[in-house]
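Asker: Sequence:
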Amino acid sequence: MAQLRATTRPRALQITEPKQFVPANYVAEGGVDPFNPQKLTQALRRESSQSVSNVSLIAPEMARRKEPLEAYPLDSMKMVGSLNKEGLPTALISVDKLLYQVRVGNHLGQNYGRITAITETSIELREIVQDASGDWIERMAKLELQEGSGEKKQ
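The sequence shown lines up with residues 1 to 154 when you count with UniProt numbering.
Just so you know, the hints here were simulated from the structure itself, not pulled from any lab data. Be careful, since some hints might not be right.
[What the hints assert, rightly or not] Restraint-style ranges between C-beta atoms, simulated for each label pair:
no., residue 1, residue 2, range
1, P73, E120, 23 to 33 Å
2, P23, A2, 50 to 60 Å
3, E29, R126, 45 to 55 Å
4, L44, Q146, 41 to 51 Å
5, T116, Q146, 14 to 24 Å
6, V95, R139, 46 to 56 Å
7, G134, S94, 41 to 51 Å
8, S56, G87, 19 to 29 Å
9, E124, V27, 48 to 58 Å
10, L44, E120, 44 to 54 Å
[Stated by the list, open to error] 20 Å max Cα-Cα, derived SDA-like pairs, lysine to any residue:
no., residue 1, residue 2
11, K97, Q130
12, K78, P89
13, K66, H107
14, K142, E67
15, K66, Q42
16, K66, V95
17, K66, S82
18, K142, S56
19, K142, R103
20, K66, G109
21, K97, T116
22, K78, R65
23, K97, E70
We put the beta carbon where it would ideally sit given N, CA and C, even for glycine.
Just need the whole structure built from these sequences, with the hints factored in.
Answerer: See below:
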């Protein structure tokens, strides 16, 4: 083994010379000045007009009296049935072992949800929520009919 070590020579690859770095000059004379006061003012005006329209989305919701089902999150509600009462579609919602009747126009959930349509199998509603940038936006949600909740009476 000693003889093998003495006769074996490791091969090392030769390292190449590093390439010469040549810095590039930055010339921004023909570009737009990012700190131009006129451009900043225009951008701020656009932003403020958008926030006014977003505030108009939530303002009526803040001014009205809350309904009882707005105290519960939407995911804690179950649609358990539907019926036509006086020719109007009515849905039955179960929350905390209580049964509620709701119609189109009623409010649900903690995100200013308003019922827009009721079918035999679902409730469609429009919610007003804040997006990541803090703007108020509308989003559609749906509660589906819960069949066979698994609870059996004895």
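Asker: Now look at each hint and say whether the structure bears it out.
Answerer: Comparing the hints with the structure gives:
P73 and E120 have their C-beta atoms about 24 Å apart, which keeps the hinted 23 to 33 Å range intact. Range check, P23 to A2: about 54 Å between beta-carbon atoms, so the 50 to 60 Å window is met. Between E29 and R126 the beta carbon distance is about 51 Å. The supplied range of 45 to 55 Å therefore holds. A hinted range of 41 to 51 Å for the beta carbons of L44 and Q146 is consistent with their spacing of about 48 Å.
For the pair T116 and Q146, the supplied restraint of 14 to 24 Å holds, since their beta-carbon distance comes to about 20 Å. At about 21 Å, the CB distance of V95 to R139 disagrees with the hint of 46 to 56 Å. The supplied range of 41 to 51 Å is broken by G134 and S94, whose beta-carbon atoms lie about 34 Å from each other. Our hint of 19 to 29 Å for S56 and G87 is violated, since their Cβ atoms are close to 33 Å apart.
A C-beta distance of roughly 57 Å is found between E124 and V27, which places it inside the suggested range of 48 to 58 Å. The given range of 44 to 54 Å is respected by L44 and E120, whose C-beta atoms sit roughly 50 Å from each other. With a C-alpha separation of about 30 Å, the suggested pair K97 and Q130 falls outside the 20 Å cut-off, and the hint is violated. Between K78 and P89, the direct Cα distance comes to roughly 17 Å. Compliance with the 20 Å bound is thereby established for this hinted pair.
The straight-line distance between the Cα atoms of K66 and H107 is roughly 8 Å, inside the 20 Å bound, and the hint therefore holds. A distance of roughly 19 Å separates the Cα atoms of K142 and E67; the hinted pair therefore holds under the 20 Å criterion. For the suggested pair K66 and Q42, the alpha carbons sit about 38 Å apart, so the restraint of at most 20 Å is broken. With a C-alpha separation of about 17 Å, the suggested pairing of K66 with V95 holds against the 20 Å cut-off.
Our distance criterion of 20 Å between C-alpha atoms is broken by K66 and S82, whose separation comes to about 23 Å. Of the supplied pair hints, the one linking K142 and S56 is violated, its CA atoms being roughly 24 Å apart against a limit of 20 Å. With a CA separation close to 14 Å, the supplied pair K142 and R103 stays within the 20 Å bound. Proximity of K66 to G109 is assessed by CA-CA distance (about 10 Å); at most 20 Å being required, the pair is judged to hold.
Taken as a hint, the K97 and T116 pair is broken in the structure, with Cα atoms around 25 Å apart against an allowance of 20 Å. Restraint check: the Cα-Cα separation between K78 and R65 comes to about 23 Å, which exceeds 20 Å; the hinted pair is violated. At roughly 16 Å between alpha-carbon atoms, K97 and E70 fall within 20 Å of each other, so this suggested pair holds.
Hint compliance for this structure: hints 6, 7, 8, 11, 15, 17, 18, 21, 22 are not met, and every other hint is.
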